[in-house]
Amino acid sequence: MDVTFKIKRYDPEVENPESYWQDYTVTLDDSSTILDGLIKIREEVDGTLSLRCSCRSSICGSCAMRINGHAGLACKTQARLATDENNVIILEPAGVMPVVKDLVVDFDIFWSKIMAVDPYLKPEGPEPEAEYIASNEAMLHLSEVTACIMCGSCVSDCTVMEVDPTFLGPAALAKAYRFTADPRDGDAKGLSRDRLEALNEASGMWDCTRCGECVQACPKGVAPMDRIMALREQAINSGFDNTLGARHAEAFADSVEHSGQLDELRLVPNTVGMTNLPVLLNMAPEALRAFTHGKLPPIIHKKIENADRVKKLFRRVEDPDRK
Amino acid sequence: MKYAFFPGCVSRGGCPELYPAAKLICERLNIELQEMPGASCTGAGVLQEKNEFLGDALNARTFAMAEALGIQIMTICSTCQGVMSQANRRMKKNPEYLSKINVELAEEGLEYKGTADPKHLLWIIIEDYGLDKLETLITKPLAGIRLAPFYGCYLVRPTEALDFADNPERLTSLERLIETLGATVVDFSGKTRCCGFPILTINEKNSMAMVGKHTAEAKDLGADAMITPCPLCHLNLDAFQPRASAQAQRSIDLPIIHMPQAIGLAMGISPKDMGLQRHIVSTKPLITKLGVPAG
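Line by line, the protein sequences give chains E and R.
Note that my numbering has the first sequence beginning at 1, numbered continuously upward.
Note that my numbering has the second sequence beginning at 1001, numbered continuously upward.
To be clear, the hints were calculated from the coordinates, so they are not data collected in a lab.
In this text the structure is predicted, and so the values were computed from the model without any measurement.
Some clues are possibly wrong.
Said to hold, decoys possible - What follows is a list of derived Cβ distance ranges for each label pair:
1. Thr-1184/R - Asp-11/E: 29 to 37 angstroms
2. Glu-1096/R - Lys-6/E: 42 to 50 angstroms
3. Gly-1222/R - Asn-16/E: 36 to 44 angstroms
4. Arg-193/E - Glu-1096/R: 39 to 47 angstroms
Said to hold, decoys possible - Taking lysine-lysine and the DSSO-like style, the derived pairs with C-alpha atoms no more than 30 angstroms apart in a straight line are:
5. Lys-1113/R - Lys-1140/R
6. Lys-1140/R - Lys-303/E
7. Lys-101/E - Lys-220/E
8. Lys-312/E - Lys-1092/R
9. Lys-1002/R - Lys-303/E
10. Lys-122/E - Lys-189/E
11. Lys-303/E - Lys-1113/R
12. Lys-1289/R - Lys-1133/R
13. Lys-1023/R - Lys-302/E
14. Lys-76/E - Lys-1092/R
15. Lys-311/E - Lys-1092/R
16. Lys-1140/R - Lys-1272/R
17. Lys-1284/R - Lys-312/E
18. Lys-311/E - Lys-1093/R
Just so it is clear, CB atoms sit at the ideal spot from N, CA and C, and this is done for glycine as well.
So here's chain E without its partners, still in its complex pose (with noise of 0.2 angstroms):
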């Protein structure tokens, strides 16, 4: 099978350095992996061709790139399976990291953020008489996402870190999880108050979009924005419940559980405060625009069909007293 690679090159070091494409054509097996082909390129072709690769098996997170535009492990692709109808993959570097040369990346940023979240164990209180002890149950719910290998990719897709390099970002954020879920970090409860107070301040667990980029990106099924959510309910739950995110969150189940649906033109003033003046006057622009195009979300909030059976269910399910 002749597969074509159309790889975005970088060299740092020519005079005005800028990215540009190039094609490499080379006979690969059925069973090939990308990495298989760029190692052949690299080896046979063009030995200028920069990459990162050590263990070929999706263990040391070296070789993320893009491939046909989403991240992902070059050795973990069949090559098979990545080509166009015209056999040709296309390979970038892995995105929001600055390029250093062709596929390889600077991971300077990626660690920092790692660093930024304690990533060890910071039991509080006085030490047990013998090892500290944790159940299999609770190791075993933190088996998904001490699988990372910190390979960058969902990094590399995070659509806020794109635009805000501040944001923690997913690989950081799951390994505060894998933190703040580990019975043995925190106080005697597990309950790891520091850790959730910090990461609930702004570029933290709120500045995540949900857009699920860092979901699909990961190759070992870590699940970096569902490992958010759950911190944002472990937030909620320990009462850091003051900020943006957790009151918005409070304010639409609020809406939802009173009516059966979103009350869109409350929801703003129920999250920022209705007696918060600066913000909502910040968003007056909008509101009077869609009042005048006849878009402005009904003033008199209308109930679904039988609300008070959905009003039930939050109260059952939500009552304290059942756990």
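Knowing the structure of chain E, use the given hints to seat chain R on it.
Below, chain R alone, put in the same frame as chain E:
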């Protein structure tokens, strides 16, 4: 063809032009819709931040209503679709979880048996209705109009929940629809990215950066309009485009069209009946280029 219609909150709230447009084109396509007046909001992924089980129970309740009607659910919102698909996957792959949810539903005499398969109108047109059949109803092809597709995250990710493995055509469904309507696809890197709406009240700057980035990219590639199957994306990309444009310090002025509106226009329905006058970014240049009277 008959479906249990789940219009979602925004098609009757912040984007009130969508609900009548979708109903009108379904009438023309002979797709019968049965409303479910007792169905609740899906939770939109927001309620799920607070309590995922509760969100799933709300969706199971809606699925049980559709099962009782003996028909499948049709959505017209990428977010509703994605949240329903994700909830459905969790329940279908874990019978124990589903039975826990059914304990809650039993209180009001409902049971979800696990047979629901909610589909967005976009998927219904391609998979159940057929683009060939749609083509026979096109009387005013959108020839010469350049449309940039914008899917909405929840309609493209995670692909496992959305059954992309069994339905690979879903990956390019919007492009194929655009071509069927006679318009030209403007392919651009932002088409499956995030519009920023979920963080609008939490981090406005980032949200506006996303709107600015995607609309400007499509505009610079020569798009006459952007087309989206998601009213939440529409809200951010259209209603907040002036703010995003100010933040990006450049003009953008890219009309954002709901998917059913584009279908309606191609079937010869007037821009007014499709509600194009209710958009914030003016659709007049698009209507002029189409060569049809606005009313």
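Which hints from the list above does the structure break, by number from lowest to highest? Numbers 3, 4, 5, 6 and 17 - these are the hints that the structure violates, sorted from lowest upward.
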